[in-house]
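Engineer: Sequence:
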Amino acid sequence: MSAPLYSPGAADAGDLDTRTVGRQALLSRLVQRFGTASTDGSRPHTLLVGPRGSGKTHTVRVALHRTLGSHAEDVLPLIIPEDALAIGNYGDLLVELLRTHDPTAKNLRRDVVALERAILDIADGRMVLAVIENLDRVFDAIGEAGQGSLRAWVETSTAVTIFATTPALFPGVSSRTLPWYGSFIIEELGDLDTAEGAQLIARAAHDRGDDELAGYAISPDGLYRLGEVAATAGGTPRLWRLVAEVADRDSLCAVTPVITALLDRLSPLYQQRLWQLPAGEQRLVVEIARGDGPRTVSDLAAAVGVSSQTASAALGRLVTARWVVATKSDAGDRRATWYDLTEPLVRHVVRYREGRWTP
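Numbering (the UniProt record's numbering), first residue to last: 1 to 359.
No wet-lab data here; the hints were simulated from the structure.
Please read all numbers here as calculations on a predicted model, not as lab measurements.
Positions of the beta carbon are idealized from the N, C-alpha and C atoms, including for glycine.
Between beta-carbon pairs, the in silico distance windows are: (1) I185 - Q272: 30 to 38 Å; (2) R109 - D140: 17 to 25 Å; (3) R317 - Y224: 34 to 42 Å; (4) L269 - G316: 20 to 28 Å; (5) A279 - G143: 21 to 29 Å.
Generate coordinates for the entire structure from the input sequences, incorporating the hints supplied.
Structural biologist: Next comes the structure, spelled out in structure tokens:
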């Protein structure tokens, strides 16, 4: 049986470990880092940064699984799952960390000192490895005061190490004025290359009994075709897993049927993400997607009917959220900034939904 595509947190960690492709160097660093910290008293807070589908939850689960395999007696893992919805303040954060070990913790919600003490009592000298997915959302929920309280507790207790994830860097960890600035070791999760993607596809194909696809994916011609898919869709682990679900040997050989199937599967997901953007930012993303390449602020402002100042501010927010990337031209006016989509797939999805996509 294959691992869940959108909820790796629901899978067995050992099974995820056996299915891991392309993250071995990172996993070795993480396991050594946390293993060493559990015995020498260092507290290397670590933040995994990567877009949706890049394998953050998978990597967290496997790193934790391997760390506990060698240092179970020295580490107490406290895990807040991906998309936790019950956190509104610092007390809620502590309650969620405690829930799996003490269901009565909710009764102490307003007594954060008692909650902090309860966690340390359960740890009983072990390093507390607090696993927090989507740290950007959690920090936004608890506010600057809650972030300060968390930082104070971590520093005074000397027992807590934070292991967190986020889709992109955010002010809570990058702003000099906020409590956690400069506190995390940043680990970026990049795409898998075509050969690594082929391994994922071959494994998934074997799981469902499609040995023809499994063999073709790792052949020279299959790798060439997968390179064409990656040029359009990118190379996140989730994308490669989706290719394995929608492809057979003949469709992969033709390439276009696979890309069309991917766009059809992903369109609702990307449309929902676009709907979550403020209207002004949504219009800018769609306008960039309708073009064939990078655009300047003045060009985009004119196209959507706003001032250059308004467009510039909105594009700055989109850069921070990793919807778009800003670059300077190597030739011509170096004062001009050009904006394009961070994920090329967004351009294809927008055009596909508008009926204008062509291979």
